[in-house]
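Input sequences plus hints: build the corresponding full structure.
There are 2 protein chains.
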Amino acid sequence: MKQLKITVLGASGIVGRELIRLMERDNFPVGSLTLLGGEKSSGSFICFKGEDIKIKKADKKSFEGSDIIFGCTKASITKEFLPFIKASKGYFIDNSSLLRLDENVPLIVPNINCHCIKKENKLIANPNCSTIITLLAVYPIFELYGISAMEVTGFQAVSGAGQGALEQFKKEIRYIPNRENVPLSFFPETIFGNVIPMIGASSENGFTDEELKMQNEGRKILDDSSIKINCTCVRVPVERCHSFSVTAVLKKSFTVEGIKKALGNAPYLREYSEPYFPSPLKSEKSMSVCVGRIRKNMAFENAVSLFCCSDQLVRGAGGNALETAKYIAETFL
Amino acid sequence: MKQLKITVLGASGIVGRELIRLMERDNFPVGSLTLLGGEKSSGSFICFKGEDIKIKKADKKSFEGSDIIFGCTKASITKEFLPFIKASKGYFIDNSSLLRLDENVPLIVPNINCHCIKKENKLIANPNCSTIITLLAVYPIFELYGISAMEVTGFQAVSGAGQGALEQFKKEIRYIPNRENVPLSFFPETIFGNVIPMIGASSENGFTDEELKMQNEGRKILDDSSIKINCTCVRVPVERCHSFSVTAVLKKSFTVEGIKKALGNAPYLREYSEPYFPSPLKSEKSMSVCVGRIRKNMAFENAVSLFCCSDQLVRGAGGNALETAKYIAETFL
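Listed in order, the protein sequences are those of chains A and B.
Under the numbering used here, read the first sequence as residues 1 to 333, first letter to last.
Under the numbering used here, read the second sequence as residues 1001 to 1333, first letter to last.
Bear in mind the hints are in silico, worked out from the structure with no lab data behind them.
Under the rule of at most 30 Å between Cα atoms (straight-line distance), these lysine-lysine pairs were calculated in the DSS-like manner:
| id | chain 1 | residue 1 | chain 2 | residue 2 |
| --- | --- | --- | --- | --- |
| 1 | A | 118 | A | 326 |
| 2 | A | 170 | B | 1285 |
| 3 | A | 282 | B | 1170 |
| 4 | A | 228 | B | 1260 |
| 5 | A | 170 | B | 1171 |
| 6 | B | 1061 | B | 1005 |
| 7 | A | 252 | B | 1296 |
| 8 | B | 1252 | A | 251 |
| 9 | B | 1228 | A | 228 |
| 10 | B | 1171 | A | 285 |
| 11 | A | 170 | B | 1170 |
| 12 | B | 1285 | A | 171 |
| 13 | B | 1089 | B | 1326 |
| 14 | B | 1282 | A | 170 |
| 15 | A | 86 | A | 56 |
| 16 | A | 171 | B | 1170 |
| 17 | B | 1296 | A | 228 |
| 18 | B | 1296 | A | 296 |
| 19 | B | 1252 | A | 296 |
| 20 | B | 1040 | B | 1005 |
| 21 | B | 1251 | A | 228 |
| 22 | B | 1251 | A | 251 |
| 23 | B | 1056 | B | 1326 |
| 24 | B | 1252 | A | 252 |
Sample of chain B residues facing chain A (criterion: CB under 7 Å; computed from the structure):
| id | residue |
| --- | --- |
| 25 | 1153 |
| 26 | 1193 |
| 27 | 1194 |
| 28 | 1197 |
| 29 | 1202 |
| 30 | 1206 |
| 31 | 1228 |
| 32 | 1274 |
| 33 | 1279 |
| 34 | 1297 |
| 35 | 1299 |
| 36 | 1307 |
All residues carry an ideal CB built from backbone N, CA and C; glycine is no exception.
The structure is reproduced here in structure tokens:
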């Protein structure tokens, strides 16, 4: 395969670092690697295949000649550099929320809708990591039976909120058991020994922006504007791997055995049957989405409930972007 | 008020200790206090109002002359002593699951159905703590609008599984951050930094016994055999206080404002509006059930979603039993 010129914007963040690790793990055909950051991170180094690569301060010329550019920053930073990224003519796979609902930009989950990427789509959006994991878990069910509505409660890991969140959590782990106070440097409450049922800013209808992503992005990825998804996002004191309690109302009648078989056949899923169950600790560093607790729902007609877990940095953010990049490299480059 | 002869079976367990603390806190009219345990705990002391009371080994004569007996053991122990408890003619308030679904035994949540206790009901069952908290949170909604179905996902504290569970968790908190191994002395996995989506034994239909309690007990407490409740119980690394993500489908049309008002008027509820939210740490030691994140559900017709938290030892087990005892003392003794 052709060796590629790869650029990572936001290389020093949690998602950027994970992506770089995954390119190394998968022996992705990186010919040259340009790492970009802001004022704070530029000048520091990240190791890739034994070589320390210096992070450069991103500017308008940073993207020239790139085959693939990964965006691992928040939306406002993506927005700032988007004109220069576009001018580079490279493929841009963006982890921020900026382009996700833009109708000219494909929103991609490999294993679901890579076919939506055309050669001329130089801008590609990576979905929210919770959406990626939940959709991957239910996709074989969606294909076989159709889904009209979903109720989702998320158990979301601290690393999903970035470095600052992890720093607060790690200090709490260290000091709280010794009865020492830890300032709330990131979350509005202590997260160690607690759960925080509010992720992101709350909107007028009472949902947070994080909760609305599941339906908004889910409809686009599944190409089904009728699916209704209600989501409650809760931060839990887990370092990495998001989990979701999911109930899906199906359009066609089903059996639990049929669903287990469909899930068991999906190559990216790991299915657990009782007494085994998926958990965050078992899901760390894996590309798999783990599913279990599959059962006929007792409250709603023709509905199934399940529990799924996956490493939101590996499968959810970095890995999803890398799988998308592999598809682009194989298909268009 | 008459000073009562109180007996606690299972005094040294988590629920027993909490109950004794609450009797002290509330200045419950304890004339004499008999503390009972098994082989392991008998001979040890528990402090009540400054006095160290020795735990006696329970035998057939232990219950004689009691006005109120609290059962704070598991079902098999309750079963063993039930004939002697019955012979004592005292009121027996049992925290175990033994009598909950017995049609001759009222299953009581004060603030909901104390009126079901008649003078001659000497056996009274205390519901599962998750059921108590969830029902208290939705009860004003149930009264005003009726509920046809509920979807519940629980974030359940480690102390809900008893002393052995807390011991594993506390060792993990102490040793895992130092990269030392901790044996799995209670849970099938590490609970620190993890979530375990399986509480209790799984039954043939894929639900655990813990998950089935919510519907079975809920129907009896609400005196509504038609309500459908689907439950997913997940253990989280929280020391005390259970939380629940709840969606309820209502029978009558509603407004979110109407629901907030109804919940705000319930004396035992503490209602949070955005940007505030209930959390386990904020709920510790309180008799309140905290509710928040109240919003119109996006997936189901005429449904409301909310998040609730309460100290499952205080409001859920010990406190529920004590409130029931207060009702009995005031009404029948």
